[in-house]
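Protein chains: 2
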Amino acid sequence: MESKEFIDREIDAIMQKAWGAFRIYSKYTHKEKKAFLYAIADELENSGDELIKTCMAETNLPEARLKNEKGRTIFQLRSYADHCENGTWLDARIDTAISDRVPPKPDIRKMNVPLGPVVVFGPSNFPFAYSTAGGDTASALAAGCPVVVKAHSGHLKTSEMVSDIIKKAAGRMKMPEGIFSHVYFPSHYVGEALVKHPYTKAVGFTGSVEVGTLLLKWGNECKDPIPVFAEMGSVNPVFLMPGKIKESAVETAKMYAASITLGVGQFCTNPGIIIGTEGRDLDIFLSSLGEEIRKIAPAKMLHKKIAASFTNLLERILLEKGVSVLAVSEMEKCDICGIPTIATVSSEEFLKNPKLHEEIFGPYSLVVQCKSVDEYSLIARYMEGQLTCTMMATADDMKMHGDLIEDIKLLCGRFIVNGVPTGVEVCLSMQHGGPFPATTDGRFSSVGGDAIKRFVRPLAFQNWPDEMLPDELKNENPLNIYRTINNALTRDKV
Amino acid sequence: MESKEFIDREIDAIMQKAWGAFRIYSKYTHKEKKAFLYAIADELENSGDELIKTCMAETNLPEARLKNEKGRTIFQLRSYADHCENGTWLDARIDTAISDRVPPKPDIRKMNVPLGPVVVFGPSNFPFAYSTAGGDTASALAAGCPVVVKAHSGHLKTSEMVSDIIKKAAGRMKMPEGIFSHVYFPSHYVGEALVKHPYTKAVGFTGSVEVGTLLLKWGNECKDPIPVFAEMGSVNPVFLMPGKIKESAVETAKMYAASITLGVGQFCTNPGIIIGTEGRDLDIFLSSLGEEIRKIAPAKMLHKKIAASFTNLLERILLEKGVSVLAVSEMEKCDICGIPTIATVSSEEFLKNPKLHEEIFGPYSLVVQCKSVDEYSLIARYMEGQLTCTMMATADDMKMHGDLIEDIKLLCGRFIVNGVPTGVEVCLSMQHGGPFPATTDGRFSSVGGDAIKRFVRPLAFQNWPDEMLPDELKNENPLNIYRTINNALTRDKV
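Protein sequence lines correspond, in order, to chains A and P. Heads up, the first sequence is in this note's numbering, so the first residue is 2 and it goes up one at a time. Heads up, the second sequence is in this note's numbering, so the first residue is 2 and it goes up one at a time.
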């Protein structure tokens with residue numbers, strides 16, 4: 002293990018370079034930043050089979066899934082590049098002078114500017130889309146911030162290969178040295194040194210509540226506290242409303258059996274809690290869900306540790322008072338596998354036992370059986386912040402339960418009706434970020450074009466000569482972006 | 002002094018009411034919220050002389066200033082109400098479904114929703130504009146959040162009278178009970194109990210670094226950490242560029258003598274540090290500044306404590322190595338007065354002594370004399386985050402010092418050219434918030450329509466039936482607001 006002094010020195014050298022790059026890169030035009038992101042996307046698209054093979058070996062994820070995830074990563078890079086150029090994230094505001102007012106009103110103009118170097122910690126479960134060239138990296142680069150990625154120990158070789166791809170693109174596009182760095186040292190202290198370096202201006206993280214809250218603590222301990230955007234997962238409660246479940250218990254059960262086991266349940270949007278009302282319709286749902294789950298084959302999880310953790314947590318949760326197993330996969334087991342499992346518990350026991358609310362990362366869901374739908378609000382109010390909540394409901398269900406809908410809104414960042422929470426669309430309207438502890442800051446999204454907004458702050462220019470203003474704020478509007486001029490949104494010149 | 006248990010009980014009762022009000026108020030239309038803010042503004046406008054007289058007695062501020070500040074407060078209430086209605090702060094986004102994509106793309110829509118009850122701590126120096134019915138209260142109410150104000154001990158009676166005005170407006174507009182509460186208890190623990198109550202969802206504060214960082218610490222200690230927006234002041238460095246000072250040393254000196262002593266220097270935007278280059282032009286500036294300052298009469302500060310603190314800090318700072326007095330007011334002294342004072346120091350001593358960078362709240366400025374303009378960047382890089390920075394510069398000065406301009410941009414939230422930092426315009430382009438420790442979160446502004454954004458978070462609606470969506474996101478766009486539909490900003494229907 003390296004000494005703290007050695008690590009401090011190495012990290013300082015990396016952050017000095019990142020800061021140097023920031024001073025140059027923050028002045029690049031949006032077109033130039035877009036071209037860089039497209040270059041990374043192109044290099045990634047043209048990368049050979051070796052990358053996918055390496056990643057398969059490191060993560061146990063199947064080829065089709067990884068190819069898909071690589072495609073998503075390429076799409077993200079291009080999508081955030083497009084947003085970078087069209088200026089959605091700039092929030093340009095102009096108020097023109099009124100010289101004959103008493104006192105005279107000055108000319109003031111405001112836009113978002115990049116924060117500075119961003120340190121990214123990726124998760125184990127998305128070796129491409131939320132790792133080295135993933136959403137955090139893409140949105141930070143789009144904002145004008147250099148990126149330092151700490152490689153995830155679960156896919157070091159993949160991370161290094163992707164890092165090489167980014168560096169190749171950076172070289173080709175003549176980016177400043179330090180625009181992207183990749184840190185390998187497998188030491189816990191490296192994370193702390195990275196977060197607390199004075200040139201680190203923000204942190205992006207996807208992973209566990211334990212690590213996320215530690216990063217948040219480090220961020221708050223900085224001499225100048227920095228924002229830490231940690232996406233820490235969720236149990237994504239699903240509320241089965243009586244009308245809907247009467248209509249389509251079997252269809253819903255099939256849909257959820259697939260969602261619960263998608264990617265061996267290794268998604269932060271995995272539906273971990275399903276809330277239903279006792280009775281004939283729920284019985285049909287449960288019986289159908291059980292039938293489906295028994296037919297779904299266990300599959301390899303990302304790592305031995307993750308599989309062991311899933312098995313241990315599951316064993317323990319099934320021993321909790323009132324919890325009983327509904328169904329377990331009856332298909333062939335394999336080494337380091339996640340075995341699809343559904344358990345049930347009464348709402349009474351659920352409300353008494355906070356352990357039952359915790360995320361179990363893997364293909365598992367707990368069905369909470371209520372005496373009546375009136376208990377749903379109690380449950381919603383009792384739960385912690387969530388990335389998503391879902392309501393399976395007819396129009397009448399929704400109309401009859403307006404208060405419950407309001408309770409659920411308070412609980413989550415994304416509220417789905419008649420769908421599944423897995424599958425996080427990359428688009429501007431996506432909100433991937435919910436109240437704590439789903440994320441450290443539910444005011445921001447780590448997916449979609451608005452992810453760029455995590456890495457900027459507003460800067461106002463008062464009484465500047467037009468020629469010295471950034472292009473975004475010049476009278477002529479040379480970038481042809483939307484700006485709010487004297488309270489009216491427009492693409493007009495001043 | 003009340004016991005902690007008593008305070009906890011009282012605060013809990015207040016926050017329970019605020020939460021109850023939130024559940025109702027968050028569903029009000031923007032028109033209704035606007036009408037409420039206008040009603041407060043109207044009541045304040047119609048309030049009698051008694052309010053101004055009470056405030057004069059409590060704060061030593063002169064009548065004209067307080068009438069002006071009351072006017073500003075009324076303007077803020079109406080301005081944020083208008084922004085509330087026009088939806089600048091909603092960031093509505095719509096991505097429509099593509100059902101024949103593989104996999105199908107769902108319909109997703111997103112908008113900002115209110116966080117919940119906001120606790121406001123006002124400052125001593127703005128008994129109206131940043132206190133009980135001030136900017137934090139107005140922007141929180143505009144966002145849809147109930148407000149709990151902890152009265153400032155420096156103007157308790159004024160605060161109570163303004164609270165009554167708000168309550169009268171709330172009654173007239175039939176607002177839910179708990180929409181606004183006013184807390185008097187003069188206990189330190191009250192602040193902590195308010196911040197840490199689980200129904201408190203954000204904090205607005207204006208005041209000292211000491212109290213602001215304490216509130217931030219409490220906010221981070223909450224079970225679910227909450228945002229704390231503390232505006233903690235600044236020394237607002239002014240960079241005198243050679244070309245400009247050659248052109249207009251005397252004019253600049255006069256302008257700054259007025260700015261330094263405005264409101265007895267009791268503004269967070271008071272120019273506390275002026276950076277110049279030794280030579281004949283700076284000598285003219287200094288001589289003229291000294292002449293002006295000697296003629297400006299000392300005036301009563303807000304409170305005995307503030308005056309004593311100013312005198313003590315000033316005495317101490319003038320004993321620091323290399324600091325010499327340039328000028329002190331020669332006009333008649335008075336009790337609890339702030340005496341206008343200018344000191345000078347060499348850049349060499351300034352860069353060695355962090356004490357010289359600290360804010361001294363009152364009519365005082367320190368002129369830092371550099372050997373050449375090349376030292377300005379050193380100074381800019383050495384200083385802490387600022388609300389504002391100012392450059393007195395000709396067009397040529399700006400063109401010749403692009404790197405310095407970039408250094409200054411990194412330092413502040415608002416960058417003024419050829420003006421003074423005092424006078425914070427209430428408009429959408431205003432950024433009143435700079436890097437730490439000027440504020441706890443330089444990504445937000447406490448002045449202007451964007452102040453509303455401090456108290457909201459995005460919520461995404463996936464696959465919702467149109468009739469159940471909030472009006473902001475319905476196909477028909479009944480509120481006629483701007484929305485970004487499939488990446489294009491528009492007021493069109495879907």
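Just so you know, the hints here were simulated from the structure itself, not pulled from any lab data. As the structure is a prediction and not an experimental result, all values here were calculated from the model. Don't take every hint at face value.
Since the list gives no way to pick one copy over another, a pair counts as held whenever it fits inside one copy or between any two copies.
[Unchecked claim] Straight line, CA to CA, 30 Å or less: simulated BS3-like cross-link-like pairs of lysine-lysine:
hint: 1; residue 1: 296; residue 2: 306
hint: 2; residue 1: 169; residue 2: 197
hint: 3; residue 1: 197; residue 2: 224
hint: 4; residue 1: 306; residue 2: 372
hint: 5; residue 1: 247; residue 2: 475
hint: 6; residue 1: 106; residue 2: 68
hint: 7; residue 1: 353; residue 2: 494
hint: 8; residue 1: 218; residue 2: 197
Status of the hints after comparison with the structure:
1. For the homomeric pair residue 296 and residue 306, the shortest alpha-carbon distance inside one copy (25 Å) is at most 30 Å, but the shortest distance between copies (76 Å) is not.
2. Within a single copy, residue 169 and residue 197 get their C-alpha atoms as close as 29 Å, which meets the 30 Å cut-off; across copies the closest is 49 Å, which misses it.
3. Proximity of residue 197 and residue 224 under a CA criterion of 30 Å is satisfied in both settings, with 8 Å inside one chain copy and 23 Å between copies.
4. Proximity of residue 306 to residue 372 under the C-alpha cut-off of 30 Å is found in neither arrangement, the shortest distances being 38 Å within a copy and 62 Å between copies.
5. Taking the shortest Cα distances, residue 247 and residue 475 sit within 30 Å of each other only across copies (28 Å), while inside one copy they are farther apart (60 Å).
6. For a Cα distance limit of 30 Å, the shortest separation of residue 106 from residue 68 across copies, 19 Å, qualifies, whereas the shortest one inside one copy, 57 Å, does not.
7. Taking the closest pair of Cα atoms, residue 353 and residue 494 never come within 30 Å of each other, the shortest separation being 61 Å inside a single copy and 47 Å across copies.
8. Proximity of residue 218 and residue 197 under a CA criterion of 30 Å is satisfied in both settings, with 10 Å inside one chain copy and 17 Å between copies.
When the structure is compared with the earlier hints, violations turn up for hints 4, 7 and for no others.
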